[in-house]
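Asks: So the sequence lines, in the order shown, correspond to chains A and B. First residue of the first sequence? That's 40 in my numbering, and the numbers climb one at a time after it. First residue of the second sequence? That's 472 in my numbering, and the numbers climb one at a time after it.
Hints in this document: simulated from the structure, not taken from any laboratory. A portion of the hints provided could be inaccurate.
[Unchecked claim] Pairs of lysine-lysine residues, derived as BS3-like cross-links and limited to a Cα-Cα distance of at most 27 Å, are as follows: (1) A:Lys122 x A:Lys385; (2) B:Lys589 x A:Lys89; (3) B:Lys719 x A:Lys274; (4) B:Lys768 x A:Lys122; (5) A:Lys122 x A:Lys229; (6) A:Lys122 x A:Lys286; (7) A:Lys95 x A:Lys122; (8) A:Lys95 x A:Lys307; (9) A:Lys122 x A:Lys307.
[What the hints assert, rightly or not] Across the chosen pairs, the derived CB separations fall in these ranges: (10) A:Phe88 x B:Phe625: 52 to 62 Å; (11) A:Arg256 x B:Glu740: 39 to 49 Å; (12) A:Tyr152 x B:Leu722: 53 to 63 Å; (13) B:Gly697 x A:Val245: 31 to 41 Å; (14) A:Gly277 x B:Asp652: 52 to 62 Å; (15) A:Ala70 x B:Glu740: 35 to 45 Å; (16) B:Ser608 x A:Leu171: 43 to 53 Å; (17) A:Ile147 x B:Phe625: 55 to 65 Å; (18) A:Phe92 x B:Gly697: 30 to 40 Å; (19) B:Ser714 x A:Ser223: 29 to 39 Å; (20) B:Ala622 x A:Lys385: 46 to 56 Å; (21) B:Phe612 x A:Pro279: 55 to 65 Å.
[What the hints assert, rightly or not] Chain B residues, not near chain A, derived (Cβ > 10 Å throughout): (22) Trp536; (23) Gly701; (24) Ala766; (25) Ala769.
Positions of the beta carbon are idealized from the N, C-alpha and C atoms, including for glycine.
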Amino acid sequence: MIRFEPRTNVSSLFALALPIVAGITALALAAIPIAAAGGEVFAAYGHIFKGAFGSKFAFSELLARATPLIFTGLAVSVAFRAKLWNIGAEGQLYVGALAAVAIGSGAISAPSYIMIPLIMLAGMIAGGTLMLVPTLLKTRLGADEVVTTLLLNFVVLLFVQMMLEGPMKDPMGMGWPQSEPMTSAATLPKMMARMRVHWGLVIALVSALVIYIMMKRSVWGFEIRATGENVSAAKHAGIPVTSTFIKVGLISGALAGLAGVSEVAGLKGYLTADISPGFGYTGIVVAMLAGLSPLGVVIAAIFIAAVFVGADSMSRAMGVSSYIADLIVALSLICVLISSLFVRFKVRFVNPKKTKLTAKGDA
Amino acid sequence: MEYIDILLSANFWAAAIRIATPLIFGVLGALVCERAGVLNLGIEGIFVVGAMCGWMAVWLGAGLWGGVLIAALAGALFGLLHGILTVPLGLSQHVSGLGITMFATSVSYFTYRTALPKVSSPPRIDAFQPLDIPVLSDLPFIGPALFQQTAMTFLALAMVLVVGYVLYRTPLGLAIRAVGDNPSAVEAQGLSVFALRIGAIMAGSALMALGGAFLTMSAFDAFFFGMISGRGWICIALVVFASWRPGKALLGALLFGAFDAFQIRLQNEVGAVVPSQVFLMIPYLLSIIALVLVARKADYPRALLQPYFRGQR
């Protein structure tokens, strides 16, 4: 028999160790599919590690991969903290990118110190507005935001494809469905020569810090946390629950929008319909691994980015399908979910046979 | 005038039913889970698993019905995982479901890629063919519209009856409905809340997987990456629209199929002026509208999303 006993106090070290254990467990479980695919398990882990941390180039790739994940991880963590289930970060990322391209690819010419804030603002407004729709449908009409945000992702992706094949198509793009390139004033510079990591990373880190301070120290942060803990209690305590949901929706959408801005202005330089290999969905895993903590998101994003970059290079070296990365990410989510049990409960293994024996002895 | 012609063609109705078939399976599956009090957002991934496993089983030499069975078993297995996480462990149904979707999708893609590392065009199987039912299939208009479907479509329709019968006419169905509304009352009757819920999730997930299997074994004859493209999520919206009733679920799926078939034909008429993506958006927008329309008066199973622990009031 397994018994769960509620835990009263959790040491912060213990709470911190759990997601790490979950991540390692997920990595370890990946040995099964790697072996099944005929890969040498230990060599595979070696390749993953070297591919992620083995050189300056690898590390730059890792940080470039982590940048959008920090943004989407933050977007999800803010929303989930209020129990607003925003599964639409993917779509919000794309509208953010679309807004950045609409302004930054030649429509306005201004110096860099105006253009960069301008495209960021545009991306935040676009992402926030997109998330406002399901938020209002939830608060006004009671429509479940999980389904509406999920379905909007598909609508947005089709809309982006339509724009890239139509009005926003680059006439010099050799017929490819891609936008015109960002002007140099609207481009986030690279942080190191010949490396892909760019200043979007710094914006992401600053965002994490801002969200951390907001959640910890501001009235908004308190209201968001209270709403997430217990909506009806928050209502009774006089917290404006509806406007809190709207605020959370706007902030969350804006953060996901920034992910799109950073990808087109920092990494790719133009928009295609495949700039995101699911960063919005992976953001959910990042946020859960981080225990919804904004600073934890940074570390979790680096872990997930390492899995992707490392698995890519392992896949090239050993011929194991690169879907192994998605598999590890999915396992991480399930493992961290299970590990959350250990924060709330002590797990005791009780042997029913033993208890019976002692009962006999007593009689 | 052309619009009327579309509605009057047998082809259109045949397509509507074909499009509705995977949704019938999916909505029924989601309905069974939610009636027992558990939201199953694993649906999108379980569709992928069903599509991949059913197809692969046939490709490896199993019979078509063998493939169907294997798809259902694979779906039930992922349902079991979701059940263990959400019922006895009482973990977040939202997060667990999304985790199942990611896990099921990546396992399927990984397996497919590992089995077929370097194929440029996906290999095909001999899929289910439309049945030729004596007399019925030869009826004018009604024959080609309704009775020239594959066996899996008829299986979907049969499942509507089975789920309806079990839920409303058997003690088991009563227990499942009760466990989604008032689990402590069920436990007071000496029944196991855990067993009922996990069983319902497994059965529902098996149905979802059949929806996926229909796509690779009947609608098409091959497996493609990204072929589910939100069909699972659409089912989650439709089950609310159907107010958790099997008959209405069938109606909702057919209505949806009709809209989608109409949109495809409309695309042929005005496709030159309107970009194709506008039409492709319609199914998703329709699902959102369907959800919003009924959201206010939706009568959710009362214990939906609420974990139950033994001896709890």
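Asks: Quickly compare the C-alpha distance for Lys122 (chain A) and Lys385 (chain A) to 27 Å and report which way the hint goes.
Replies: holds, 25 Å
Asks: For Gly701 (chain B), is the shortest CB-to-CB distance to chain A above 10 Å, so the non-interface label stands?
Replies: The assertion about Gly701 (chain B) is violated, with a minimum of 5 Å to chain A.
Asks: Check the following: the C-beta atoms of Phe92 (chain A) and Gly697 (chain B) are separated by a distance inside 30 to 40 Å.
Replies: Holds: the Cβ-Cβ distance is about 31 Å, inside 30 to 40 Å.
Asks: Can we confirm that no CB of chain A comes within 10 Å of the CB of Trp536 (chain B)?
Replies: It holds; Trp536 (chain B) is separated from chain A by about 27 Å at its closest Cβ, greater than 10 Å.
Asks: Take a quick look at whether Lys589 (chain B) and Lys89 (chain A) sit within 27 Å of each other, Cα to Cα.
Replies: holds, 26 Å
Asks: Verify the proposed pairing of Lys719 (chain B) with Lys274 (chain A), using a straight-line Cα cut of 27 Å.
Replies: violated, 36 Å
Asks: Does the claim that Ala769 (chain B) lies off the interface hold, with its Cβ farther than 10 Å from every Cβ of chain A?
Replies: Violated, since 7 Å does not exceed 10 Å.
Asks: Can the restraint linking Lys768 (chain B) and Lys122 (chain A) be considered satisfied, given a maximum Cα separation of 27 Å?
Replies: Given pair Lys768 (chain B), Lys122 (chain A) holds - Cα atoms ~22 Å apart, limit 27 Å.
Asks: Hint check: Lys95 (chain A) vs Lys307 (chain A), CA-CA at most 27 Å. Holds or violated?
Replies: Satisfied, since the Cα-Cα distance of roughly 20 Å is no more than 27 Å.
Asks: Falls inside 46 to 56 Å, the C-beta gap from Ala622 (chain B) to Lys385 (chain A)?
Replies: At roughly 52 Å between Cβ atoms, Lys385 (chain A) and Ala622 (chain B) fall inside 46 to 56 Å, so the hint holds.
Asks: A range of 39 to 49 Å was offered for this pair. Does it hold for the Cβ distance of Arg256 (chain A) and Glu740 (chain B)?
Replies: violated, 59 Å
Asks: Lying within 55 to 65 Å: is that true of the beta-carbon distance Phe612 (chain B) to Pro279 (chain A)?
Replies: Distance hint for Phe612 (chain B), Pro279 (chain A) holds at roughly 59 Å.
In this structure, the earlier hints numbered 3, 5, 7, 9, 11, 14, 15, 19, 23, 24, 25 are contradicted, and the remaining ones agree with it.
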